[in-house]
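Novice: Here is what each chain is made of, one letter per residue.
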Amino acid sequence: MEHTVVSANKFNAWFGDNHVVKDVSIGIDKNQVIAVMGPSGCGKTTFLRCINRMHELIPGATAKGSLKLYDDEVYNMNPIYVRYKIGMVFQRPNPFPNLSIYDNVIAGYKLNGLKVAKAEQDRIVEKSLTSAALWNEVKDSLHKKGTFLSGGQQQRLCIARAIAMEPEVILFDEPTSALDPISTSSVEQLFHELKENYTLIIVTHNMQQAARVSDKTAFFYMGELVEFDDTKKMFTAPSDVRTQNYITGRFS
Amino acid sequence: MDARIGIRNTKSILFKGLIVFLAFVITLPLIIVLLYIIKQGIFQVNWHFLTNVPAPVGETGGGISNALVGSLIIVLMSSIVAIPVGILTGIYLSENPHTKLSYYAGLCVDILQGVPSIVVGIVVYFWIVKPLGTFSAISGSIALSIMMLPIVIRSTEQTLRLLPPSLKEAALSLGVPYHRVILKVIVPCGFAGILSGIMLSIARIVGETAPLLFTAFGNPYLSTAITKPMETLPHLIYTYATSPYDDWHNLAWGASFILLMFVLILNIFTKLITRKWNIQL
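Protein sequences, first through last, are from chains A and B. Residue 121 in the working numbering sits at position 113 of the first sequence, with consecutive numbering throughout. Residue 1232 in the working numbering sits at position 193 of the second sequence, with consecutive numbering throughout.
What the hints contain is simulated information worked out from the structure, not anything from laboratory work. Take the hints with a grain of salt, since some may be wrong.
With a straight-line cut-off of 30 Å between C-alpha atoms, the simulated DSSO-like cross-links for lysine-lysine are [said to hold, decoys possible]:
#1 A:LYS93 <-> B:LYS1207
#2 A:LYS126 <-> B:LYS1207
#3 A:LYS123 <-> A:LYS152
#4 A:LYS203 <-> A:LYS241
#5 B:LYS1207 <-> A:LYS153
#6 A:LYS76 <-> B:LYS1207
#7 A:LYS30 <-> B:LYS1207
#8 A:LYS118 <-> B:LYS1315
#9 A:LYS38 <-> A:LYS76
#10 B:LYS1310 <-> A:LYS153
#11 B:LYS1207 <-> A:LYS123
#12 A:LYS126 <-> B:LYS1315
#13 A:LYS72 <-> B:LYS1139
#14 B:LYS1315 <-> A:LYS152
#15 B:LYS1315 <-> A:LYS153
#16 B:LYS1207 <-> A:LYS147
#17 A:LYS152 <-> B:LYS1207
#18 B:LYS1310 <-> A:LYS152
#19 B:LYS1207 <-> A:LYS203
#20 B:LYS1207 <-> A:LYS135
#21 A:LYS147 <-> B:LYS1315
Using C-beta positions, here's what the derived DEER-type ranges look like [stated by the list, open to error]:
#22 A:PRO189 <-> B:PRO1136: 36 to 44 Å
#23 A:ARG220 <-> B:SER1051: 50 to 58 Å
#24 B:LEU1305 <-> A:GLU128: 42 to 50 Å
#25 B:TYR1142 <-> A:GLY159: 36 to 44 Å
#26 B:VAL1072 <-> A:LEU122: 52 to 60 Å
#27 B:TYR1143 <-> A:LEU122: 33 to 41 Å
#28 A:LYS147 <-> B:LEU1067: 51 to 59 Å
#29 A:ASN17 <-> B:LEU1151: 49 to 57 Å
#30 B:ASN1135 <-> A:ARG100: 22 to 30 Å
The model shown is predicted, which means the values in this text are computed figures rather than measured ones. Using N, Cα and C, we set each Cβ at its ideal position, and we do this for glycine too.
Start from the sequences and build out the full structure, keeping to the hints where you can.
Specialist: Structure (structure tokens):
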């Protein structure tokens, strides 16, 4: 029985007068990897940032319409609670430079002032780093600064940091665009493992990546959700001509 | 072809020689001044000098303990006022660069930075000293904290502005409330820069004389009462150096040496901590 985690109904978002997300309706099921692709400026990142209410942090940014996490309207919830439930990994790895690897993973608890027993912290750190496929590489240097890691390791550290909060959904904003091919493939590998426990929504510029990692793909164009379907169908027999044009590279 | 390369090399060497020479010329007066103060001052400093108040004319010995204690108290009080206000204002300016308030606040900070210290002194004189009816350490501290503010504000602002926005996003995306993002992430990451601003502002005010002339005023005796006039190092130097007595000149030289060492140590200390706590982004 599939269960819808995130759903949008006629959702709109603006930057000032610029209408960047137009009447998007989508339903995202639990434990799936969703790729969101589209040309630059199509509103895919903005849509992603609306889901955990990071969009509104930019001055002049507004949003309207229904966007739900399970049955709760995201825009009626406390944004802090929304962000507990919906984690995010950014384009560039952004570990906290003042914290050790250990503290970076547990940062969601520490920075929020949530009291967690030391043994429980250790457990969370190990589990999160293991889930992010980083434990073996860093277990001997947990108390070194996170910024000493390579770019790919830093990105996995950021994934571990998001996992540590036990979110329902993890949003990825072009998570591999700043990484080399080897790091990219290790992060992609992770997506397959992470979907056992989480729902992943991944914005990507890279169509091959969308095809490789996702169960379903959403194609955004000019702020509209053009098509949302199984990835396989999307890349073999898209129903919309714009999707077809994009996939075959007829426009960028 | 070879000849032209030769000429160009010669030009490069001449140019390099010129800038090395000029750099040397610029540091020379500084070194001479430093050496002279050290030469005049270093032999005045001993335990007696540090623990006694100035001797009256005609008696030998005497020290600068009143000024040491006074400077310490006044700088401490100025810091207590100026550092929190300065850091918070700096945070506001870096967080809200486009509001009207931050535009005018920034403008005020720039102007304040350029206000001659004697003008700050006269303002404090008419606002605090006159109504209270007495010179006091408090009024001196207020004058100095006004001098400190722009340095602390600007250094905080500039340090925090250099932090990448992705850092803030990382914290916010974990559901961290805004005030904790600032206090637990932004300020700690910019800590080295903020601290060096504070150190520089202290180094700046500890030698400030003009605004103290008619606020803290000076006091030949050891005093820790903050509502009474108080001696400070720069003021002691000013008073004793302009006196006609050799003994007093020596006191002034010794005090200059102490002041110089204090600023020097503060600067070295700042360099060390910024290096130790500097955060690799």
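Novice: Do the Cβ positions of PRO189 (chain A) and PRO1136 (chain B) conform to the proposed distance bound of 36 to 44 Å?
Specialist: Holds, since PRO189 (chain A) and PRO1136 (chain B) (Cβ atoms, about 38 Å apart) stay within the stated range.
Novice: Could you see if the CB distance from LYS147 (chain A) to LEU1067 (chain B) stays within 51 to 59 Å?
Specialist: holds, 57 Å
Novice: Can you confirm whether the C-alpha distance between LYS30 (chain A) and LYS1207 (chain B) stays at or below 30 Å?
Specialist: holds, 28 Å
Novice: Hint check: LYS1315 (chain B) vs LYS153 (chain A), CA-CA at most 30 Å. Holds or violated?
Specialist: holds, 14 Å
Novice: So if I understand the rule, the pair passes when the alpha-carbon distance is 30 Å or less; does LYS1207 (chain B) with LYS203 (chain A) pass?
Specialist: Satisfied, since the Cα-Cα distance of roughly 27 Å is no more than 30 Å.
Novice: Straight-line Cα separation of LYS1310 (chain B) and LYS152 (chain A) no greater than 30 Å?
Specialist: Holds, at about 23 Å.
Novice: Would the pair LYS72 (chain A) and LYS1139 (chain B) pass a check requiring their Cα atoms to be no farther apart than 30 Å?
Specialist: holds, 28 Å
Novice: A range of 49 to 57 Å was offered for this pair. Does it hold for the Cβ distance of ASN17 (chain A) and LEU1151 (chain B)?
Specialist: Since the Cβ atoms of ASN17 (chain A) and LEU1151 (chain B) sit about 54 Å apart, the hinted range of 49 to 57 Å holds.
Novice: Checking one constraint from the list: CA of LYS147 (chain A) to CA of LYS1315 (chain B), max 30 Å. Satisfied?
Specialist: holds, 25 Å
Novice: Assess, step by step, whether the Cα of LYS1207 (chain B) is no farther than 30 Å from the Cα of LYS147 (chain A), and give holds or violated.
Specialist: holds, 27 Å
Novice: For a C-alpha distance cap of 30 Å, please report whether LYS118 (chain A) and LYS1315 (chain B) respect it.
Specialist: holds, 24 Å
Novice: For the pair we were handed, LYS93 (chain A) and LYS1207 (chain B), check the Cα-Cα distance against 30 Å.
Specialist: The given pair, whose Cα atoms are some 18 Å apart, holds under the 30 Å limit.
In the structure shown, no violation is registered for any of the earlier numbered hints.
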